[in-house]
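If you want the building blocks of each chain, they are given just below.
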Amino acid sequence: MASEQNPGVDGPLFKRALLGSLSWLSANHEEVNRLNVFPVPDGDTGTNMLLTLQSAVEDIKESDAAEVSKIAKLASHGSLMGARGNSGVILSQIFRGFARAVEGKSSLTPAELAAAFEEAANAAYRAVNKPTEGTILTVAREAGRAAAAAAASPAFLRRPI
Amino acid sequence: MASKTTTTLVQSRQWGRIEVFPSAVGAIAAHAALRCYGITGMAARGLRDGVAELLRRENVDRGVEVIEVEGGLGIDIFVVVQYGIRISEVAHNLQEAVKFEVERSVNVPVAQVNVNVQGVREESS
Chain X
1 MASEQNPGVD
11 GPLFKRALLG
21 SLSWLSANHE
31 EVNRLNVFPV
41 PDGDTGTNML
51 LTLQSAVEDI
61 KESDAAEVSK
71 IAKLASHGSL
81 MGARGNSGVI
91 LSQIFRGFAR
101 AVEGKSSLTP
111 AELAAAFEEA
121 ANAAYRAVNK
131 PTEGTILTVA
141 REAGRAAAAA
151 AASPAFLRRP
161 I
Chain D
1 MASKTTTTLV
11 QSRQWGRIEV
21 FPSAVGAIAA
31 HAALRCYGIT
41 GMAARGLRDG
51 VAELLRRENV
61 DRGVEVIEVE
71 GGLGIDIFVV
81 VQYGIRISEV
91 AHNLQEAVKF
101 EVERSVNVPV
111 AQVNVNVQGV
121 REESS
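Those sequence lines, one after another, are chains X and D.
Once you know that position 62 of the first sequence is 62 in my numbering, the rest is easy, because the numbers rise by one and skip nothing.
Once you know that position 117 of the second sequence is 117 in my numbering, the rest is easy, because the numbers rise by one and skip nothing.
Hints are computed from structural coordinates only; laboratory data are not their basis.
Here a beta-carbon is modelled for each residue, glycine too, at the ideal position from N, C-alpha and C.
Hints are supplied without guarantee of correctness; some may be wrong.
Here are the in silico distance ranges between beta carbons for each label pair [as the list claims (entries may be wrong)]:
| # | chain 1 | residue 1 | chain 2 | residue 2 | range |
| --- | --- | --- | --- | --- | --- |
| 1 | X | E30 | D | R56 | 39 to 45 Å |
| 2 | X | S153 | D | E103 | 31 to 37 Å |
| 3 | D | N116 | X | P12 | 41 to 47 Å |
| 4 | X | T132 | D | Y83 | 45 to 51 Å |
Whole structure, please, built from the sequences with the hints as guidance.
Have a look at this one:
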């Protein structure tokens, strides 16, 4: 259960995190574009990801759901429908895995959040025959690992990962 | 007009000629497809008893047909995709990846990549 010191991640907090990541990506998508080398080095990864994330967040802006599971489900559906490019399709699978991992939960403890990140990465890996490392897949997996390692720390969820 | 060819590409060079056969182009295309996100595997052309047949790694190039069209190569590719994913976008990504890989490898323009989604699989691996 969520304690006084650590309220855990509920719907409104997760919503804020997603809106925050959208504004971060809006500001930095040009830099992500410059990183694009695989499978086709056409420099559109950041833009594709931004469009996908915009679609993911679309319905969430209107939502005041208290449960993290509801917000995650909206993000999963929105990113599926608005997926653009490879990175966008992968992002939609990450959201799908995350939504599945938090299904039925109203808020997440640090350990549950970390587990959801890891499951999100696993789900993304399952949708490809030969995964290529150094892509967003690697980022998702390492974020999951870092979250799992940080979940033990009392400061977790108070500061950004 | 589209025509089936036995030789996709012949280049004459100082020391002789270089031929690239459609099967080689097919193998390159299949390789690119298998690395493409959302593609579960290659499928045999056509359906067996109405069901898509997922090809084993050794004969993935049976899921590709290479023809000559105006302006370059035409590549028909037969795949099975992952369930729960935006298929139209995966197919579009596949077209780009195949065109890029084939053009880079054999240096012949690819005029068309036709994607045939033969089936959808629930995550297996």
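Now the hints, each set against the structure:
| no. | hint | verdict |
| --- | --- | --- |
| 1 | E30/X <-> R56/D: 39 to 45 Å | holds, 43 Å |
| 2 | S153/X <-> E103/D: 31 to 37 Å | violated, 49 Å |
| 3 | N116/D <-> P12/X: 41 to 47 Å | holds, 45 Å |
| 4 | T132/X <-> Y83/D: 45 to 51 Å | violated, 21 Å |
Against the hints set out earlier in the document, violations occur for numbers 2 and 4.
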